[in-house]
Amino acid sequence: MTSEEQFSESPRLYRLDNGDILRVDDGDLPFIRGNTCLIEDLLISQRNRFYENCQEWNIFDDGLECRILRPGSKNWVSGKVRFYLEIATNTDNAPQLTEDEPDESPLDAIRKLADE
19 MTSEEQFSES
29 PRLYRLDNGD
39 ILRVDDGDLP
49 FIRGNTCLIE
59 DLLISQRNRF
69 YENCQEWNIF
79 DDGLECRILR
89 PGSKNWVSGK
99 VRFYLEIATN
109 TDNAPQLTED
119 EPDESPLDAI
129 RKLADE
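Sequential numbering from 19 applies to the sequence shown in my numbering.
By construction, these hints were calculated from the structure, which means they are not laboratory data.
Where is the CB? At the ideal position from N, CA and C, for every residue including glycine.
Heads up, a few of these hints could be off.
Unchecked claim - In the EDC-like style, the derived pairs of lysine to aspartate or glutamate whose C-alpha atoms are separated by at most 20 Å in a straight line are:
#	residue 1	residue 2
1	K98	D80
2	K98	D79
3	K98	E83
As the list claims (entries may be wrong) - Pairwise CB distance ranges, derived in the manner of DEER restraints:
#	residue 1	residue 2	range
4	R41	E83	27 to 37 Å
5	P89	R51	38 to 48 Å
6	R30	S96	27 to 37 Å
7	R41	N93	38 to 48 Å
8	G97	R51	30 to 40 Å
9	D44	S96	33 to 43 Å
10	G90	E58	35 to 45 Å
11	T54	E104	12 to 22 Å
12	S91	S63	32 to 42 Å
13	T54	G90	34 to 44 Å
14	Y69	W94	22 to 32 Å
Use the sequences and the hints to build the structure in full.
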């Protein structure tokens, strides 16, 4: 199944956090030796490659001041452009991911038991 076929329906988009773990099943991740890494490590590698040529741009953190004009719109909108990673899940088989509250870690459960 190609990636176009896999995401032909409307995918759900989730912004990835630095502590999330990314794994590809075929081959290695770009610019990372291996097929598994923390999102933070992938962003750092991209940040380092990007900053070699564009040190004055803070596009990964604070963003770059810009204006955007969308087709059909008459006005420019001011804002910031930032780079970040997201996952587009196949809605047929993806569990619901939440962005609001992280899952409780096993250590949190142990701490709660110790407090009781």
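Going through the hints against the structure:
1. Proximity of K98 to D80 is assessed by CA-CA distance (about 8 Å); at most 20 Å being required, the pair is judged to hold.
2. Distance check on the hinted pair: K98 and D79 sit about 10 Å apart at the alpha-carbon level, within 20 Å; holds.
3. A distance of roughly 4 Å separates the Cα atoms of K98 and E83; the hinted pair therefore holds under the 20 Å criterion.
4. At roughly 35 Å, the beta-carbon separation of R41 and E83 lies within the given 27 to 37 Å, and the hint holds.
5. Judged by the Cβ atoms, the range 38 to 48 Å given for P89 and R51 holds: they are separated by roughly 41 Å.
6. The hinted range of 27 to 37 Å is satisfied by R30 and S96, whose Cβ atoms lie roughly 29 Å apart.
7. For R41 and N93, the hinted distance range of 38 to 48 Å is satisfied, since their beta carbons lie about 43 Å from each other.
8. Judged by the Cβ atoms, the range 30 to 40 Å given for G97 and R51 holds: they are separated by roughly 36 Å.
9. Between D44 and S96 the Cβ separation comes to about 41 Å, which falls inside the hinted range of 33 to 43 Å.
10. For the hinted restraint 35 to 45 Å between G90 and E58, the CB-CB distance of approximately 38 Å keeps it satisfied.
11. The hinted window of 12 to 22 Å between T54 and E104 holds, with their beta carbons roughly 18 Å apart.
12. At roughly 36 Å, the beta-carbon separation of S91 and S63 lies within the given 32 to 42 Å, and the hint holds.
13. T54 and G90 have their C-beta atoms about 42 Å apart, which keeps the hinted 34 to 44 Å range intact.
14. Taken as a hint, the range 22 to 32 Å holds for the pair Y69 and W94, whose Cβ atoms sit roughly 28 Å apart.
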